[in-house]
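Asker: Each chain, written out:
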Amino acid sequence: MARMKFLCDADRCIECNACVTACKNEHEVPWGINRRRVVTLNDGLPGERSVSMACMHCTDAPCAAVCPVNCFYTTADGVVLHSKDLCIGCGYCFYACPFGAPQYPKVASFGSRGKMDKCTYCAGGPEDDRTKAEYDKYGRNRLAEGKLPLCAEMCSTKALLAGDGDIIASIYKERVAKRGYGSGAWGWKVAYKETVAL
Amino acid sequence: MSRLISKFLMALAIGLFLSGAMLTPSFAQGPVNPTARSVKEEDLMKALKGSGDAVSGRISIQDANAATLIQPDGQSWRAFKDGTLPRIGAIAVLGMVIALGLFYAMRGKIKIDGGPSTQRIQRFGGFDRFVHWLTASSFIVLGLTGLNVTFGRSLVLPLVGPEAFTSLSIFSKYLHNYLGFAFMVGILLMFLIWVKDNIPSSVDVAWFKAGGGILKGSHHPPAKRFNGGQKLIFWTVIIGGALMSLSGWHLLFPNLSTGVAELQFHSMIHGVIAMLIIAVIIAHIYIGSVGMEGAFDAMGSGDVDLNWAKAHHSLWVEEEIKKSGGKAVVSGAAAAE
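Chain order of the listed sequences is F and B. Just so you know, we're using our numbering here: the first sequence kicks off at 1 and counts up by one. Just so you know, we're using our numbering here: the second sequence kicks off at 1001 and counts up by one.
Treat the hints with caution; some may be incorrect.
Derived lysine-lysine pairs resembling BS3-like cross-links, with alpha carbons at most 25 Å apart [what the hints assert, rightly or not]: (1) F/K24 x F/K173; (2) B/K1209 x B/K1109; (3) F/K147 x F/K84; (4) B/K1196 x B/K1209; (5) F/K137 x F/K173; (6) B/K1109 x B/K1196; (7) F/K115 x B/K1196; (8) F/K137 x F/K158; (9) F/K24 x F/K178; (10) F/K84 x B/K1173; (11) F/K137 x F/K106; (12) B/K1111 x B/K1323; (13) B/K1322 x F/K173; (14) B/K1040 x F/K189; (15) F/K158 x F/K115; (16) B/K1196 x B/K1040; (17) F/K193 x B/K1049; (18) F/K193 x B/K1196; (19) F/K178 x B/K1196; (20) F/K84 x F/K137; (21) F/K132 x F/K24; (22) B/K1196 x B/K1173; (23) F/K147 x F/K137; (24) F/K173 x B/K1049; (25) B/K1196 x B/K1327; (26) B/K1173 x F/K137; (27) B/K1173 x F/K106; (28) B/K1040 x F/K158; (29) B/K1327 x F/K189; (30) B/K1310 x B/K1109; (31) F/K178 x F/K158; (32) F/K193 x B/K1046; (33) F/K137 x F/K115; (34) B/K1046 x F/K189.
In case anyone wonders, no lab produced these hints; they're calculated from the structure.
Make the full structure from the sequences, and use the hints.
Answerer: Okay, here's the thing in structure tokens:
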């Protein structure tokens, strides 16, 4: 089985936010929730770089570890998913996540945050693949259709790579070797305890 | 004509040579390095100063927190939530239960000096008891629902299954969120009505030196309305309760915090103080019920056996009798227990 990962080549990302929009549209993500976002570092300065970030589907995911009701699970592809039926909206995964991935439909209100929502790597949830119930809660299950996450598939500069970790790491390494520079595999060390040696 | 052509070719050659000469230097420099000053993940991560620090930038989403790219502190909060906190909780709560069990085995139930009398004295009025039980009942529910968050996944979930445990935990969460306000009101009222009797004094020093009359011998040291041990409980509840309220308030209203680091901090304070107060309150419940004869009446019916009062609050009894001209003491046996 593949070990699915994301890798954002910040030297290619042009902060067009198309990944953000594509994701919102593909999954009918509720208002106020951004499963993916683009952060610009050193904005306006020489050396400015933008990084597209979502759930990194960590190895030994902290969200899954701290969840008081154990609603997370990791698929055979290494994708970290959760059950909205079991989620109690406590916010603990949000405290633990190094990437700010978990989000809630009702953050501002008291009492309940609502069920947590995050990037599913376009792999749906615990419901049967490609059912309406799955789509309504988690969005489209593109992986079950044999497709990769839409954010990466439609990235116009191919900055955002999705797929088996070893393959996307080798693509990135080859790019860095050819052009002679690379700002790093953002978040890899934190998420996977390993990085792409450049 | 041929001269003209040769002149033209000459000019062309010179032109090409010049333009070539102008281009050459840039080739000589080698490939440009557009990342000479670019941000690198490795450098940004190395520059983090530890607690609360994160790699952040600018974002077009109208939520400042979304501009945080990587906050590695999530991992240390996880270590706290899954390691430190359950350990503190287990040691504090189980340790207290074991200590009280040993104490009971050695000392047994502490009897009233001279046995129960036929006279009683009012110790707590209706409002005192209302405030106590408002705080106490909300605390017990808050404590149990709070412990569920830390220990439920490993202790309760395997017994009832995931669906039932989620229903239980959602219900627990609502109880916890709403009863928090009852607890806060209770703490505030408790502080207002009892603070004047809980100022530490030299009497308390003597009380502690005598082991409260229950650790060493059977002679009870003098005490006013509240003895040293009760004052200790009072201040634990007031200071602990205030910290619980403040941190809990921030967790209830996450928008008050500027970021996830603050929420992590409040949840750590909330968890650790909770475990410590729970342990202290278990001891309080013990001594107010099975641990001591006659003690529960103070918060039950409100009046206590005169002999009990004389043993545990000698100075207070004297004062009450003097104030009321002896009317504070009424005859009547203890309510059937």
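Asker: A separate judgement is required for each hint: does it hold in the structure or not?
Answerer: Each hint tested on the structure:
1. F/K24 x F/K173: 30 Å, violated
2. B/K1209 x B/K1109: Cα-Cα ~22 Å, so holds.
3. F/K147 x F/K84: Measuring from Cα to Cα gives roughly 23 Å; hence the hint holds.
4. B/K1196 x B/K1209: 23 Å, holds
5. F/K137 x F/K173: 36 Å, violated
6. B/K1109 x B/K1196: Outside the cut-off at roughly 31 Å; violated.
7. F/K115 x B/K1196: 47 Å, violated
8. F/K137 x F/K158: This hinted pair is violated, its Cα atoms lying about 29 Å apart.
9. F/K24 x F/K178: Violated, at roughly 34 Å.
10. F/K84 x B/K1173: 16 Å, holds
11. F/K137 x F/K106: Since the Cα atoms of F/K137 and F/K106 sit roughly 16 Å apart, the hinted pair holds (cutoff 25 Å).
12. B/K1111 x B/K1323: 28 Å, violated
13. B/K1322 x F/K173: Outside the cut-off at roughly 90 Å; violated.
14. B/K1040 x F/K189: 13 Å, holds
15. F/K158 x F/K115: 32 Å, violated
16. B/K1196 x B/K1040: 61 Å, violated
17. F/K193 x B/K1049: Holds. F/K193 to B/K1049 sits at ~20 Å (cutoff 25 Å).
18. F/K193 x B/K1196: Roughly 57 Å separates the two Cα atoms, so the pair is violated.
19. F/K178 x B/K1196: 78 Å, violated
20. F/K84 x F/K137: 7 Å, holds
21. F/K132 x F/K24: 17 Å, holds
22. B/K1196 x B/K1173: Cα-Cα ~35 Å, so violated.
23. F/K147 x F/K137: Roughly 19 Å separates the two Cα atoms, so the pair holds.
24. F/K173 x B/K1049: 29 Å, violated
25. B/K1196 x B/K1327: 24 Å, holds
26. B/K1173 x F/K137: 22 Å, holds
27. B/K1173 x F/K106: 15 Å, holds
28. B/K1040 x F/K158: 19 Å, holds
29. B/K1327 x F/K189: With a Cα-Cα distance of about 76 Å, the restraint between B/K1327 and F/K189 is violated, given a limit of 25 Å.
30. B/K1310 x B/K1109: Distance ~18 Å between B/K1310 and B/K1109 Cα, so the pair holds.
31. F/K178 x F/K158: 16 Å, holds
32. F/K193 x B/K1046: 15 Å, holds
33. F/K137 x F/K115: 10 Å, holds
34. B/K1046 x F/K189: With a Cα-Cα distance of about 12 Å, the restraint between B/K1046 and F/K189 holds, given a limit of 25 Å.
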